[in-house]
Amino acid sequence: MKRNLSRIGYPLAGITLILVVWVLICWLGNLPTVVLPTPDKVVRAFVARFDILFSEGWITFKETIYGFLLAMVIGLPMAVAIANSRPLNLMFYPLLVALQSVPKVALAPIVMIWLGTGIESKLAIVWLVAFFPIIVDTTAGLRSTPRELLELAHSLRATPMQIFLKVQFPAALPFVLTGAKVAMTLAVIGAVIGEFVSSSEGLGFLLLSATSQLDTPLAFAALFALSLLGVFSYLLVEAVEMLVADWLPPMPEKH
Amino acid sequence: MAFGSVKNVRKVFSSGELKSSGDEPVVALDNASFEFEQGELISFLGPSGCGKTTLLRIIAGLIPKTSGSLQIGGRDISEPLGDYGFVFQSPSLMHWRSVVDNVLFPMEILRRRDAAAQRRAAELLDLVGLSAFSKARPHQLSGGMQQRVALCRALIHQPALLLMDEPFGALDELTRLEMNDLLLRIRRETGATVLFVTHSISEAVYLSDKVLVFSKRPARVAREIAVDLGYPRGQQVRFLPAFTALERSASEALGVIPPGAEPRDGLR
Numbered sequence: 001m002k003r004n005l006s007r008i009g010y011p012l013a014g015i016t017l018i019l020v021v022w023v024l025i026c027w028l029g030n031l032p033t034v035v036l037p038t039p040d041k042v043v044r045a046f047v048a049r050f051d052i053l054f055s056e057g058w059i060t061f062k063e064t065i066y067g068f069l070l071a072m073v074i075g076l077p078m079a080v081a082i083a084n085s086r087p088l089n090l091m092f093y094p095l096l097v098a099l100q101s102v103p104k105v106a107l108a109p110i111v112m113i114w115l116g117t118g119i120e121s122k123l124a125i126v127w128l129v130a131f132f133p134i135i136v137d138t139t140a141g142l143r144s145t146p147r148e149l150l151e152l153a154h155s156l157r158a159t160p161m162q163i164f165l166k167v168q169f170p171a172a173l174p175f176v177l178t179g180a181k182v183a184m185t186l187a188v189i190g191a192v193i194g195e196f197v198s199s200s201e202g203l204g205f206l207l208l209s210a211t212s213q214l215d216t217p218l219a220f221a222a223l224f225a226l227s228l229l230g231v232f233s234y235l236l237v238e239a240v241e242m243l244v245a246d247w248l249p250p251m252p253e254k255h
Numbered sequence: 001m002a003f004g005s006v007k008n009v010r011k012v013f014s015s016g017e018l019k020s021s022g023d024e025p026v027v028a029l030d031n032a033s034f035e036f037e038q039g040e041l042i043s044f045l046g047p048s049g050c051g052k053t054t055l056l057r058i059i060a061g062l063i064p065k066t067s068g069s070l071q072i073g074g075r076d077i078s079e080p081l082g083d084y085g086f087v088f089q090s091p092s093l094m095h096w097r098s099v100v101d102n103v104l105f106p107m108e109i110l111r112r113r114d115a116a117a118q119r120r121a122a123e124l125l126d127l128v129g130l131s132a133f134s135k136a137r138p139h140q141l142s143g144g145m146q147q148r149v150a151l152c153r154a155l156i157h158q159p160a161l162l163l164m165d166e167p168f169g170a171l172d173e174l175t176r177l178e179m180n181d182l183l184l185r186i187r188r189e190t191g192a193t194v195l196f197v198t199h200s201i202s203e204a205v206y207l208s209d210k211v212l213v214f215s216k217r218p219a220r221v222a223r224e225i226a227v228d229l230g231y232p233r234g235q236q237v238r239f240l241p242a243f244t245a246l247e248r249s250a251s252e253a254l255g256v257i258p259p260g261a262e263p264r265d266g267l268r
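Top line first, the protein sequences correspond to chains H and G. Position 68, counted from 1, in the first sequence is what my numbering calls 68; the numbers after and before it change by one each time, with no gaps. Position 202, counted from 1, in the second sequence is what my numbering calls 202; the numbers after and before it change by one each time, with no gaps.
Errors might be hidden in some of the hints.
[As the list claims (entries may be wrong)] Restricting the straight-line Cα-Cα distance to at most 20 angstroms, the calculated cross-link-like pairs of lysine to aspartate or glutamate (EDC-like) are:
1. G:Lys135 - H:Asp246
2. G:Lys210 - G:Glu35
3. G:Lys210 - G:Asp228
4. H:Lys62 - H:Glu201
5. H:Lys166 - G:Asp101
6. G:Lys210 - G:Glu37
7. G:Lys210 - G:Asp172
8. H:Lys166 - G:Asp114
9. G:Lys216 - G:Glu247
10. H:Lys166 - G:Glu108
11. G:Lys135 - G:Asp114
12. G:Lys135 - G:Glu123
FYI, nobody ran anything at the bench for these hints, they're computed from the structure.
Could you build all of it, start to finish, from the sequences and the hints given here?
Printed below as a string of structure tokens:
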């Protein structure tokens, strides 16, 4: 009971502290709303403009999820190919790891040139940022299958398909999910980058247009909506993780 | 002709097969020869890294031999026959499967997971005293219990040959003795032919019909020791003079003690 209290109490105390500091900065610094709105103005903007926040958020959410799924659908088979073929692995794995360090934001304008300003370019950017963690983690997972299990399967003359479905993939699943979690948080960022570079809808666009009209409370509200969207997308992956919990390694004993 | 015959099997790992690059080719196994009959339990006894595990993998068809001949049940072995049970040093169970599903894994690969297989899995788990745990997850079991599950998994498809690679090496001494007795009981009830890799002298003598003592790399069969203690065996045979004599003979072959050494020779 006491533990539960502290688990809720301490985070609440942290949030309260930040709100107090925020309000104090506004009052003591005598800052105009355009520079830093007080929390109550942000909340009012969030409530008053909820319809537009929701509809624009829905667009950003769709870009995030579709792009993420695209990254999964393309990344998983590629990871399987790379993990199982030594030539493919040697050809592409170092390249992939090197490409991972390219700042994808820098690619966004080029993607716009190729795919225009519609949803296609957003999906491409989300795909770009989400693709790497998925393929790198999945490949690592597939390659770390315990050797004994592979030998056991070979000694029974298992087919490559059986080895993949019954041994390699279940063993790699925790890695796949770790990659998916990283990919999902990056996917939200990717969607906003796409909207920043060129767009006429989405939360990123709303944020830009609000600041250009000096409507700072709305910009803050959009920021808040974005973080909610990020958390929600992440929770979706966690929900999938709970569905497949049977395949995950056991948690270490709690003491 | 013997059921299994290994003749002059030699294995050279080329530098390409080795993990570390730029190494000279390594002779892992040099002219290993022995024969065994159906239902026998043969131990490979030797120092770590002496190639006895390599020989086991060659017999399993998992890695190719460089030269020599290898026949089991009249068939030449160059690739897995799909007719082996394998027990490793670590239980190597699948954490995402229940105990009984782990045991049934070979039957799934062989596409024979039917009602009869289910019954046999239940019988085997009963034999090793784990009936109550068939729905449990591997991580809920102790190391010894997990290894018993691995043993059931190795026996479920009634393999012609049971290959065991230091299966009890990671267990504590008392659990190990228990597992030794369990293995002997299982062998009596299933008639399995067993090739057993170990580096424990007393375990090798206690379990086997025949102990093959391997020399250091390149491994060759330095001595073949027939263990004529008869079966069934209980832990009390360890205290027979004949048992001690066999342990001594294996120790001499391994170079642990000089031949014919008196109790305090070379000590001060």
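Checked hints:
no. : hint                : verdict
1   : G:Lys135 - H:Asp246 : holds, 13 angstroms
2   : G:Lys210 - G:Glu35  : holds, 10 angstroms
3   : G:Lys210 - G:Asp228 : holds, 8 angstroms
4   : H:Lys62 - H:Glu201  : holds, 12 angstroms
5   : H:Lys166 - G:Asp101 : holds, 11 angstroms
6   : G:Lys210 - G:Glu37  : holds, 11 angstroms
7   : G:Lys210 - G:Asp172 : violated, 25 angstroms
8   : H:Lys166 - G:Asp114 : holds, 17 angstroms
9   : G:Lys216 - G:Glu247 : holds, 18 angstroms
10  : H:Lys166 - G:Glu108 : holds, 9 angstroms
11  : G:Lys135 - G:Asp114 : holds, 18 angstroms
12  : G:Lys135 - G:Glu123 : holds, 14 angstroms
Checked against the numbered hints given earlier, this structure breaks only hint 7.
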